[in-house]
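Line order of the protein sequences matches chains L and C. With my numbering as the guide, the letters of the first sequence map in order to residues 1 to 278. With my numbering as the guide, the letters of the second sequence map in order to residues 279 to 687.
Think of the hints as simulated: they come from the structure by calculation, not from any bench. Heads up, a few of these hints could be off.
Residues on chain L that point at chain C, a partial pick, calculated with CB under 8 Å [claimed, not checked]:
#1 14
#2 116
#3 117
#4 119
#5 144
Glycine included, every Cβ here is placed at the ideal spot set by N, Cα and C.
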Amino acid sequence: MQSLRTVPSFQIEPSTRWPSLGLRELWEYRELLYFLTWRDIKVRYKQTVLGAIWVIIQPLFMMLVFSLFFGRLARVPSDGVPYPVFTFCALLPWQLFAHALTESSNSLVGNQNLITKVYFPRLVVPISAVLGGLVDFAIAFVMLLMLMLIYGIVPGWQIVFVPALVLLAVMAALAVGLWLSALNVQYRDVRYTINFLVQFWLFATPVAYPSSIVPEKWRLLYGLNPMVGVVDGFRWALLGKPDSLGLPLLISIVVVLTLLVGGLYYFRRLEQQFADIV
Amino acid sequence: MSNVTIRCEGLSKSYRIGASQDGYKTLRDVLADAATAPLRRLRNGHENSNGHYIWALDDLSFEINTGDLVGIVGRNGAGKSTLLRILSRITKPTRGRAEVHGRVGSLLEVGTGFHPELTGRENVFLNGAILGMRRSEISRKFDEIVAFAEVEKFIDTPVKRYSTGMYMRLAFGVAAHMETEILIVDEVLAVGDAQFQKKCFQRMSEIGKHGRTILFVSHNMSALRSICKQALVIDHGKLVAQGEVNHTIDHYLAQIRDDSQDESIETPTFTVTSVEISSESSPIIKTFDPVQVKVRFVPKTEIKDPGLYISILTMDSQRLTGLDLKDFITTASLPAGEVAELGFKIESLPLLPGSYQLEIHLKDMASGLIEFVPRTFKFEVAETEVYGGRKLDRWFGNVGLRARPLAER
């Protein structure tokens, strides 16, 4: 079958300190990205009785618990929006983020059989782990729309920004996930840190409360948490509250991009040794 | 366009041994390391000192041309798998470089990435994608793969319900239908039954006929001889020979036979210092060769009526035949502490090409003592044209018959 057409060549060389990002090669492996994502989704609820209903149960229960304890008992303000809608609207991007972060951080270790036996751009692994949460998100999003319908809330034109905000949430999860997944290969301590990190992060994000209750002088620091921008953005796009976004969202974007580029380089550098140390 | 497909120059790979042998580090290890690093550096001059590192590959240079079918042999731990992992780009060399022209398909394990919950069909696509195939390519080959694996009826059943054989066939089938210019295969076919292996070897020969380059690691010498045209021998991370396959493998086998006699084995009453089997007519053992089996040992107490029993076993430990010295002679008593040698001369070894093992029992008939030497001794009968014509593979079994057609007078 060997013809005169040119065949791709490559060099094998020792590890370098500043490898390229290898994004073109990542693009060549987009089908693998698709199949790994598809596998994760397909397998996730296999051999469960309730199956995909779990996708709905999780945010629904969290909404009920939050509504009871924060909304009813603690009387946390909700910018004039019915509390269940207020918190559910934030829970969606939050769960997308939390799920993507957890999955991507554990992804390399979870796929070590692949990493030690086959070559492919390793970035495929955490990225597919992040993408796997999008289906869950889409299902829960339909529920949110139904909930809003029940409460008679109609989203404004800002709803067109939802995809961009979803992208930002996914990128935020990937940015952190790249660092943690690569670290996890070498230090399994990471595995135990993630749950704790996610719980802590939930309270540093305006899910159960509006960001307006954070004192003005702390806002800038608070805004360094990229999920603040994402969650506020969601409420703005769907509920019209807060009225404007401005600086916090901009900070979120800058933080996410910085973390992402740094994470990509860090990942690429460590990637060269994954197969030896995983 | 050059004709060289793979060119390696001074390829070396070191692994750290010691502290992090359990696979991964914890932060505590790192902190401890960091604290002692300056001291270590002072002591060793450089952190990369030999005390902490072993060289799995050491300055390997060779070239492989387009369309070459190359077998790689060497003992366990010689560095074969490390070489394949580097050429597959799974891991990076520590030093040196390699140039590869063409897409590489590597099969270091059968069924990498197979998911038990997914059906056969789904796994074919998933596994194909993992191995670097395009979806269109897999679709085109799908029927061929399924036919190869003989799982047509079960293709929509989750593979966790498959028998091991079906699973293996399907997994190998996907990999065997990759269309990369270079195919790298590790000792993956050692698993599975003889029929499966035969099928895989056939498929590999077929692939080889299409002008593709194959690198194949195996301990199955007859498979290597039938598939490959060339061989590389690796020992302790170094390339020690490269050349025509039969010639190179003969040398390699003669070499390991010489090396395997250095350690002695203890039983309660004997110290066995060496067990040798050698052909009287050539450096390697061939079917129907006259061979000698020599067992050298030191008795720990006086043995009044010494006895020796040897059996020849297949590699899966089926006893083929045996010889008991007492059926031939009575041996004089052996004093304690002196080297003794007992053995047999077999006029014509009736074993077909393949690997076999010797099992040894030492006895003292006077006291009814029978002691089993707790290790077997592997030997190879080289692949030759036993009856003058074609080469015989495992399908013919183990025993060679001295025969002649009736018509001949």
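Now the hints, each set against the structure:
Checking residue 14/L against chain C by beta carbon gives a least distance of about 6 Å; that is within 8 Å, so the hint holds. Interface hint at residue 116/L: satisfied, since its Cβ lies 7 Å from the closest Cβ of chain C, which is below the 8 Å cut-off. With its C-beta approaching chain C no nearer than about 4 Å, residue 117/L sits inside the 8 Å limit, and its interface hint holds. At a threshold of 8 Å, the smallest CB-CB gap from residue 119/L to chain C is about 4 Å, leaving the interface hint in force.
Hint on residue 144/L is violated. Least Cβ distance to chain C is approximately 30 Å, over the 8 Å limit.
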